[in-house]
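Q: The chain contents come next:
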Amino acid sequence: MASGGNGRSSGRFLPPDPRVVEPYRLTPKLALRLAILGAITLGVFVVLFLRLWALQVLSGDQYLRAAQNNQLRTIRVEAPRGVIRDRKGRILVGNTAGIAVKLWPADLPEKGRYQMLKRLGKVLEVPAPQIAREVDKRAHDPLNPVVVKENVSRAEFFYLSERQDEFPGMRLVKSNVRDYPYGTMAAHVLGHVGEVTEPQLKQRAYSGLVAGDKVGQAGVEAAFDRYLRGAPGLDRLRVDSLGQPRGDILPLKVATPGNDVELTIDADLQFAAERALQHGIQIARNSECYGCWNANGGAIVAMDARNGEVLAMASSPTFDPRVFVGKPNPWRLKPLLDSKSAERRNFPGLDRALAGVYPAGSTFKPVTALAALEDYRVSPYEALPCTPSYTYVGENGVPYLFKNWNPYVNTAITMPIALAWSCDTYFYELGVRFYKLRSSPLQQWAKTFGFGAPTGIELGPEAPGLIPTPEWRRRYFKDGIEKLWKPGDSIELTIGQGEMTVTPLQLARFYAMIANGGRLVTPHVFKDVTNPSGVSIVPRPTQPTPKKIDVSASALQVVREGLFRATHDPDGTSTAIFSSFPVEIAGKTGTAEKWSSEYNRYFDQAWWCGYGPNDAPEIVVCALIENGGHGGTSAAPAAREVLASYFHVRPDEVGVVSSSETD
Amino acid sequence: MAVDYAGARRRTTRVRRLEEGAEAFARRFDWILFGSVVALVAYGIHLVAGITRDDVPGSPDYYVIRQAIYAAVGGVGMLGVSLIDPDYYRRYWRQLYAVSLLLLLLVIPLGTEARGSQRWIGIGSVTFQPSELGKLLVVLGVAGFLAERARRLGEVKTVLGTIGLVAVPALLVFIQPDIGTSLVYGAALVAMLFIAGARWLHLGVILFIVAFTGALVVWLLPSAGVDVLEPYQRDRLTAFVNRTHDPQGASYNVQQSILAIGAGGVRGRGVENATQTNLDYLPEHATDFAFASLAEQRGFIGAAILLLLYLLVVWRGLRVVTYASDPYSAIAAGGIVFALMFQVFVNVGMTMGIAPVTGIPLPFVSVGGSSLVTNLLAVGVLQAIHARGRRR
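Note that the protein sequences, when read in sequence, are chains A and B.
For the first sequence, our numbering gives the first residue as -19, with consecutive numbering after it.
For the second sequence, our numbering gives the first residue as 205, with consecutive numbering after it.
Derived by calculation from the structure, the hints in this document are not laboratory data.
Only a predicted model underlies this, so the values are computations on that prediction, with no experimental measurement involved.
One or more of the hints may lead you astray.
[As the list claims (entries may be wrong)] According to the in silico footprint, chain B covers these stretches of chain A (three or more CB under 8 Å from chain B):
hint, segment
1, 28 to 35
2, 48 to 58
[Claimed, not checked] Some residues of chain A that are not near chain B, with every Cβ distance over 10 Å (derived):
hint, residue
3, G18
4, E175
5, Q183
6, F299
7, N390
8, T502
9, D508
10, V509
11, E598
Using N, Cα and C, we set each Cβ at its ideal position, and we do this for glycine too.
Generate the whole structure from the sequences, applying the supplied hints.
A: Now the structure itself:
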């Protein structure tokens, strides 16, 4: 068999096969065709060689670079945010190390992507559609990670790190998360950090940021974000085609930590203010006043009367700032974002100190007093009747009756006594005198004292409040009769009622002006900014300078006397609270009627604003208890607790703690 | 004594005849073809060792050992086949053809599916890809048909019959689906008609129809709403034309492949530093994209050595055609050689972005037993044809 078949087939007795027997020759035709095949083969190999040459020899370097970049991912390294301290250097907001779960959309699997996100969402308790939405949003920018959750728990961390293979494109990254050593304290002031929003990315202040970066979104965090933020660093990481890291991280640029911000807030006083606020609410609830069962919120502002440094600013109800830490859980955020849900919990996200608007009530009377004195509507010692009610007879002869809160008085009093007693009819008379003028001097002065406009504190958004004027009425109302400015409008404004509204911060600022002799301060919380090694980096002066108000010292003196008498005269509205206080305190109660549509009647909002020490005021305190009844009932005791903390007064020095049933 | 003498004489005669036969066989054996194929296989195993080093964690030699075993099996098969008179194939071409159809039909009920395609039959722990062996069987079978009708090649009937004979197995492969291999069948068909001496007119019409059908399947019918191809197949074919169509999708493989080849440069990045391969950017780097992987690791020099070895094998193959002693041998050899050349071109061209992406393995190199063994058997057939070729 091995020795060839040619001879063998001819050796058998088979009929001759014409196809085989005929000798097969390399005909010219076959030779031509073989030559063509050979040429094709040669051509094919020439093409392959040329292409190979072009790729490897001519542009090899370029492809080498591309291949090297192919497997390198540049990762932004989050800079630790600056720390927020109080005026004594205590850390209000710090950082702790957390583990963040991030997804690189470019490395996610094409098939089974949603199933993977679903599994991940289940592990981390983040809704999968939310993750998918954010991943889709990042489709045009697949190299920037999507943060699924920051600060995962230990159990979640271990679970995921053991199963990295099951989650291609997911990486566990070290991250800094905000830490609040004082818990919920000063939550409204401090604000929170969140992912930069799309509208923000378009703004100049946020240039250089990319989606997923964290910026301050409220309060101090937002106001001083430019100091706190720092600059992210860059790391290089080799990844395989599934996005799993291979090898070591190469640092390209070290992250610059943010600078620390020091606030004017005093943590002790802040703590006292928040406790006092709860105390005031509790007093109100325990009292038997109508509607006080509904006492459920309030605000306290404590400020340095001389320069406007806010020492404490409390608002209740409050929230736990930790709900914002990392990737917020939408369910826990609901009361802060969703209006319906917020209403049920009485708007915990609202900073009542600067965005809550209330009628000022009797705490507005010093404004009326100063305006009347400065406009020469009354002399300081002109005695006006203090009676159970005040009747105003209009031009058409119809009498209008305005009640005094105290139906048992019938005497003529001067301005300091009117302030001490908070006599309404005295101020009604001033209101009528104002009404008779074409101009609106009371409103002018109120405006000069900073009402009806934001105070300019760094935090926000602030509510401007409202000081109604005849012009405002004309513009605001549609109805014919409502458009008219009536005597009652002037009369009600004198005692801080009617359409007027103020914020606690505006009132505190005004009382600070009385206390410091006519300088209108700008409330602020910013004290200093230091780099991480503790060196101040802001050129001084940084504090806003108070504005000198053109109000006479004698007029201020009259009002100050009235406020001192209000806390020390036998008939003073908060004498029961402050007469035995070791430091001389002057201040005014307020009981502002606010319409409740729920109960279809007016509820009293309790106010107290004042300052101390009386001869050289340092601190001004304004307290507001929503539905707290009379100012002396709940607001004054709350304010006293703040003052006690400021002046280091021990509880046994405070004397009798009882509320006074006065306005 | 006489018996003993006779027995001894007979034995010596047989020994002498064997010795003479072996001598004649050795003389008529194409040692250059043999040497270049051995070099190709050995070089291929060497390349696979580098390519698949990280593919099976813990056992870097997994594919090398398998591939060496297949090479040994294929080598024995090649030597065995080179002893078989090709005339047997001519006589029994119908049976060979029937076996190829049977094997391809068996895939439909018995085949195992992998990566969306049903191509393999499992025999014990070994999987076997009938479409690979089918290539050789169909060429040997159809060459017999053409040799029978050598005098009537000018007739349209013969040409159409040939086309029909190839179309049936090609279609069976196409529906697996495995476009690449069915294209190889087509290439072998054209080459065999060409070598057999079909008329230029007929060849021209065939080429025109091929081009027209290609355009129809890829562009015209889908735009009319009729999808002959699976979407991924069309994407891969059009991605070759329209490279930037979808960087993460169909053309992703080709882009990564070009990147890998280019990054290899002149000297290659070495086994350790070939990141495109080692970090799995290069898909299917042990099979379809093996060329890209080896070009990244070994550079222009390493890849050029491989291409030159292919050129050598193809050249020796074409030379075998010229020595064929009968039309059957010439046609069969032409089909085998052209199919091999076609596979090399389409596979290497695909990795360099000058041919459409079809799942054709790189002959003698890609990991996979069926392909390697079949190619070695085909070389064995070439050797047999050469050994029984005309006296020179």
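Q: When you look at the beta carbon of N390/A, is every beta carbon of chain B farther off than 10 Å?
A: Answer for N390/A: holds, closest chain B Cβ roughly 89 Å.
Q: Regarding the assertion that G18/A does not contact chain B, is the least Cβ-Cβ distance greater than 10 Å?
A: violated (6 Å)
Q: Count the residues of the segment 28 to 35 of chain A whose Cβ falls closer than 8 Å to any Cβ of chain B, and tell me whether that reaches three.
A: Our answer is that it holds, as 6 residues pass the Cβ test (under 8 Å) against chain B, meeting three.
Q: Given that the segment 48 to 58 of chain A was listed as covered by chain B, double-check it with a C-beta distance under 8 Å for 3 or more residues.
A: holds (count 3)
Q: Checking the smallest CB distance to chain B, is V509/A really beyond 10 Å?
A: Holds, because the least Cβ-Cβ distance between V509/A and chain B comes to about 45 Å, which exceeds 10 Å.
Q: Taking the closest pair, is the beta carbon of T502/A still more than 10 Å from chain B?
A: holds (55 Å)
Q: Does the claim that D508/A lies off the interface hold, with its Cβ farther than 10 Å from every Cβ of chain B?
A: holds (50 Å)
Q: Beyond 10 Å from chain B, beta-carbon-wise, is F299/A?
A: Its Cβ never comes within 10 Å of chain B, the nearest being 43 Å, so this holds.
Q: Would you say E175/A is clear of chain B, with no C-beta pair closer than or equal to 10 Å?
A: Given that every Cβ of chain B is farther than 10 Å from that of E175/A, nearest at about 26 Å, it holds.
Q: Over 10 Å from every CB of chain B: does Q183/A meet that, or does the non-interface label fail?
A: holds (32 Å)
Q: Decide, holds or violated, for the assertion that all CB atoms of chain B are farther than 10 Å from the CB of E598/A.
A: holds (67 Å)
In this structure, the one hint that does not hold is number 3.
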